[in-house]
Amino acid sequence: MLRILIADDHDIVRQGIRQLLLEEFTSVQVEEAIDTATLIDLALSQDWDIIVSDLVMPGGGGFYALEKIKQKTPNTPVLILSTHPAEQYAQRATKAGAEGFINKSTLPNGLVNAIQEIIEKKK
Amino acid sequence: MLKILIADDHAIVRKGLKQVILEEYPSAVIGEAADAEALLSQVIENEWNIVICDMNMPGRSGLDALNQIKHAAPNLPVLIMSMYPEDQYALRVLKAGASGYLGKDHVHDDIIKAIQTLQLGKKFITPSIAEKLASTLGQDTSVQSHETLSDREFDVFKLLASGKSVSEIAAQLSLSATTVSTYRSRIMEKMGIQSNAGLTRYALEKKLI
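Chains as they are written, first to last, in our numbering: chain G, 36 to 158; chain E, 376 to 584.
Bound-form chain E, shown alone (with noise of 0.2 Å):
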């Protein structure tokens, strides 16, 4: 039998995304986490065949969750989905170790085939994606800056771009505040920019947030 976990805040994305599987595999067996925590929790207490994961959830980060998934079950497939554009996140949420990524405007035309796809223990990539996964290949020197970020400074640079601050941050991601400052000053340092500003009108450009 099929047992698939679902994690997003969004109570009406869950429900739409139980009737799209359902529809496909009346006998699933569905959980739902509606944040990192209880993801987590889920995991580590029943065993699933997949689970599909949003980027972004209050707490946690769907990446920070994603790396601990893959911490407690090597072996289970994560299927991670998110509002942001595809070529923006696929190739750091597959480098992260999940086994596809969608754009939450592709969901209900693409779940049932990554699914399937994930079931045969295969990774499950959209054309546009694998064409950004074609074009990176051999053009390291192209590399744009925020892909140099380690997940942890990927994360604290897009909440300083969305304006948080350093206190809010280190709550939200249970880290001490210092630790967020260093991670600052060295997503500066990689990044050439020198303010929360800057940050900001980077992630706007390349669409981040």
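The shape of chain G in the complex, shown without the other chains (with noise of 0.2 Å):
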């Protein structure tokens, strides 16, 4: 069972996630953050095959809880998400320890393809 935790402030992106998640995946559990400290909550209180999460939400957003968690728990692989173009912040995610990120216009595939790839290099 691959289990992945989405952020976003936006309700219905995660539902849309979600729902692309149910459909990719055969055997997922999704669960949902709404802000920055329920994703930082909830990253370092269980375990996550992969974190998929935005960067504009209310409460320092997703680079200070990328700091939090990747000091915390290293191996947990997170994908930023974000509207912002990659050539403006692709860089700094990567640096600050994420191990993808994608535009979400590039959603759907995009999504699916970069969470398999994360989760293959992982094993």
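Hints were generated in silico from the structure; no laboratory data involved. Note that the structure is predicted; figures quoted are calculated from it, not measured. Zero decoy hints are in this set.
Covered, in the sense of this in silico footprint (three residues per stretch, anywhere, with C-beta under 8 Å from a C-beta of chain E), are these stretches of chain G: (1) 40-49; (2) 138-147.
SDA-like, lysine to any residue: derived pairs with alpha carbons at most 25 Å apart: (3) E:K393 / G:N148; (4) E:K582 / G:V91; (5) E:K582 / G:N138; (6) E:K393 / G:Q64; (7) E:K393 / G:D44; (8) E:K582 / G:P93; (9) E:K393 / G:N144; (10) E:K581 / G:S117; (11) E:K582 / G:D70; (12) E:K582 / G:Y99; (13) E:K393 / G:G145; (14) E:K498 / G:D46; (15) E:K582 / G:D46; (16) E:K581 / G:T118; (17) E:K393 / G:E59; (18) E:K497 / E:L397; (19) E:K378 / G:E58; (20) E:K581 / G:G96; (21) E:K393 / G:Q54; (22) E:K393 / G:F60; (23) E:K488 / G:E67; (24) E:K582 / G:Q123; (25) E:K393 / G:T141; (26) E:K582 / G:S140.
We treat Cβ as the ideally placed atom computed from N, Cα and C, and that holds for glycine.
Since each chain comes alone in its own frame, lean on the hints to assemble the complex.
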């Protein structure tokens, strides 16, 4: 069973990602975080195969959460998802320890491929 | 049978919205459009009960698309959704003929209520928008300067404020550079602002971009 945590403050985006993951992966459990604090809390208190997080969220945002998650559980893969273009933020995200960065406009295919790639690498 | 057309440039938002609607209306027919051009041709080619349209899509803005939809199908209810705070845009889109306005934060909670209201031929407004509407009654002197802009001027204003050049805006809105320049000077005159940086500062202060 694949365990995926998604963090985005827009409920309709979370719903879309959840639906996409349920369609694409046969055995998957998806949990959601609506803000930075919930993301950090869930990320550190449970085991995840991958965390998919937005950058802009109330309470500090994706980069802040990424730093906290990587300090405590460096092996949990984090994929950053953003409306910002990759050329502006991808490098900063990977420097901060993220396993990947994708632009929201490349969804849905981009997300599924990125998740598969990151999980394969971890094995 | 309920036929709903969803226009948003983010596939994941369309997917989420579709899912929420289908949970409530399993037999609904959902059409999708990724930009304003596809939205307009779908409106012209097919019959819909409701259009749900994002305010910000590549190319023409949602406001521009709304005007065109109202021209092509005046009785088709259009619900506009946006990432922007409700109080800044709601009045403008309602004035332009939209049947409702939803901030994307509220989509999940309010979309079904909004669809039901629109089906009754009524407008859907959230309590915070109703409050804003009430507070504007009889207060013409306090109209903010961006509210005096026409819809097209407002689109150009937002693009200028977000750092786009006149030629980029001309290309994006399919206008000539001269027309955009004319809009620019009219916007600055109406708003009493002398530079693009001033427009940017105003837009940031009012949370318009």
